[in-house]
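Q: With chain A held as given, fit chains B and C onto it using these hints.
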Amino acid sequence: MEQNELAKTVQEMESRLAKLEKNSSQLTMVLFSGDFDKVFAAFIIATGALAMGKKVSMFVTFWGLDAIKKPVMKTAGRQLLEKMVLWMRPKGPNKLGTSKMNFGGIGPRLFRYMMGKKNIEPLPSLMEMAREMGIKIIACQMSMDVMGIKKEDLLDGIEFGGVATFLSDSFASNTTLFV
Amino acid sequence: MEQNELAKTVQEMESRLAKLEKNSSQLTMVLFSGDFDKVFAAFIIATGALAMGKKVSMFVTFWGLDAIKKPVMKTAGRQLLEKMVLWMRPKGPNKLGTSKMNFGGIGPRLFRYMMGKKNIEPLPSLMEMAREMGIKIIACQMSMDVMGIKKEDLLDGIEFGGVATFLSDSFASNTTLFV
Amino acid sequence: MEQNELAKTVQEMESRLAKLEKNSSQLTMVLFSGDFDKVFAAFIIATGALAMGKKVSMFVTFWGLDAIKKPVMKTAGRQLLEKMVLWMRPKGPNKLGTSKMNFGGIGPRLFRYMMGKKNIEPLPSLMEMAREMGIKIIACQMSMDVMGIKKEDLLDGIEFGGVATFLSDSFASNTTLFV
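Protein sequence lines correspond, in order, to chains A, B and C.
Using our numbering, read the first sequence as starting at 1 and increasing by one per residue.
Using our numbering, read the second sequence as starting at 1001 and increasing by one per residue.
Using our numbering, read the third sequence as starting at 2001 and increasing by one per residue.
What the hints contain is simulated information worked out from the structure, not anything from laboratory work.
One or more of the hints may lead you astray.
[To be verified] DSSO-like mimics (lysine-lysine), calculated; alpha carbons at most 30 Å apart, straight line:
#1 1117(B) / 83(A)
#2 1055(B) / 74(A)
#3 54(A) / 2074(C)
#4 1054(B) / 2008(C)
#5 2074(C) / 22(A)
#6 1136(B) / 2070(C)
#7 1054(B) / 55(A)
#8 2136(C) / 22(A)
#9 19(A) / 2019(C)
#10 2019(C) / 1055(B)
#11 2019(C) / 55(A)
#12 1151(B) / 136(A)
#13 2022(C) / 8(A)
#14 2100(C) / 2070(C)
#15 2150(C) / 136(A)
#16 2070(C) / 22(A)
#17 117(A) / 2074(C)
Predicted model only: the values in this text are computed from it and were never measured.
Next comes chain A alone, as it looks inside the complex (with noise of 0.2 Å):
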């Protein structure tokens, strides 16, 4: 090689080496489960990694939508089927069960109680933190349609999506969980 090209040759993969780098300050995550534990856990990696200056796309599904809806939802306009679904599901961060020892929803306060005497932030303020710290919430347009759920049922300021989104998040990202 030339002298020349040998250096137009290292500068390009430099620029290629870089975006490889640029893969350790991004997390993914799918949330899938809308059980209180693993929402929880889920928000707690990723304030962690936001508050270590990394990107953080959540990318929410299937029983995850529980997590981000409004406490309120008139269900107005739905199918039978989906007023049902949407009835029996818990709407918002305060009205999760937990993935065990849920005792009809006495084990969930039992554990916000817990948590509040060791001085844990309550899950609805942790996911405003993670907000304000600059996460993206993608909720699943597939699994919010299956379900009857509308856009305005789920919290302000996040964004639709698909798999695809998902995908290309994770494959700019050095970890992805699957939660």
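A: Leaving out everything else, chains B and C in the frame of chain A:
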């Protein structure tokens, strides 16, 4: 460094760089769960990645094996406990329960109905599509051995392997999910 | 670029490249679940990776802590709620339930029996093996704090840390799993 030596180093580095870049063309999954909703999510992610031109490797283990069983299984020649476990587990994508709201099997029917109304591909076609698009499915031999599942009980055309197969795919993938 | 300058750039790039390549020599896990089957899968993956010469870091949090508890736990000096939760949770790998087919504790026995018949290492030995092979286990201090778990309640020789410890390992690993 001499000009020649430098050129050689650069060339060598370029192939190392290309190898690392290749990682973003591969996605690896462990399908541990056999819940309808999680299996569905796994195959939505898989077909999405395949459509983007990525290679997808899915290592199916434990309950995930339920999803790739043939609908009819002859349990002759198994030990009593194996027979019992096989008899109790669902066989194939149409028999899987959901992780939430299963209601003794009504839940999955309800979801299949709601998904059909939105023109979403049913799970068996989604799985078939993934296979036509070239997904690599590897059934975990150890799990098969423990539960007394034989090769002929599972879908045709899948591969069989151990954790090392999964790990070598995973270390060559930017994204690895445990579902 | 001058020859000298070029050589310097190339050398610098080589060390950046080596750093990225190192990522495929590390595996990071969050062990969130305390289900026998998932803990077993996590340690099969861990020992597999260790046998391939990889470094393995396992961040144990929430229910996962059940798996690394000592079989006997003195609950003196805890608050009432903490005592209750500790009393209800399984202690150590031999007491874990399965995520499916638990049948009030019969399931895990059945699986242990079926695994023994196939000469598969029992979970406690698998865990011991992972530790001898050099796995790094980090117990999540926040979860311990919430549930009133003390350092002396957990296996000897493990480390203690927070989400930042997990994240920095994860960003240096090609594969990160949330189990």
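Q: None of the hints should be skipped; say for each whether it holds.
A: Verification of the supplied hints:
For the suggested pair residue 1117(B) and residue 83(A), the alpha carbons sit about 15 Å apart, so the restraint of at most 30 Å is met. For the given pair, residue 1055(B) sits about 43 Å from residue 74(A) by alpha-carbon distance, which is inconsistent with the 30 Å threshold. For the given pair, residue 54(A) sits about 41 Å from residue 2074(C) by alpha-carbon distance, which is inconsistent with the 30 Å threshold. Restraint check for residue 1054(B) and residue 2008(C): the C-alpha separation of about 36 Å exceeds 30 Å, so the hint is violated.
About 48 Å separates the Cα atoms of residue 2074(C) and residue 22(A), which puts this hinted pair outside 30 Å; it is violated. With a C-alpha separation of about 41 Å, the suggested pairing of residue 1136(B) with residue 2070(C) is violated against the 30 Å cut-off. A distance of roughly 23 Å separates the Cα atoms of residue 1054(B) and residue 55(A); the hinted pair therefore holds under the 30 Å criterion. About 26 Å separates the Cα atoms of residue 2136(C) and residue 22(A), which keeps this hinted pair within 30 Å; it holds.
Annotation: proposed proximity of residue 19(A) to residue 2019(C) holds, straight-line Cα distance about 14 Å (limit 30 Å). The straight-line distance between the Cα atoms of residue 2019(C) and residue 1055(B) is roughly 25 Å, inside the 30 Å bound, and the hint therefore holds. With a C-alpha separation of about 21 Å, the suggested pair residue 2019(C) and residue 55(A) falls inside the 30 Å cut-off, and the hint holds. Taken as a hint, the residue 1151(B) and residue 136(A) pair is broken in the structure, with Cα atoms around 43 Å apart against an allowance of 30 Å.
Straight-line distance between C-alpha atoms of residue 2022(C) and residue 8(A) comes to about 27 Å, which keeps the hinted pair within the 30 Å bound. At roughly 24 Å between alpha-carbon atoms, residue 2100(C) and residue 2070(C) fall within 30 Å of each other, so this suggested pair holds. In summary, the hint linking residue 2150(C) to residue 136(A) is not supported, as the alpha carbons are separated by about 36 Å, beyond the 30 Å threshold. Between the alpha carbons of residue 2070(C) and residue 22(A) the distance comes to roughly 41 Å, so the proposed pair goes past 30 Å and is violated.
Between residue 117(A) and residue 2074(C), the direct Cα distance comes to roughly 22 Å. Compliance with the 30 Å bound is thereby established for this hinted pair.
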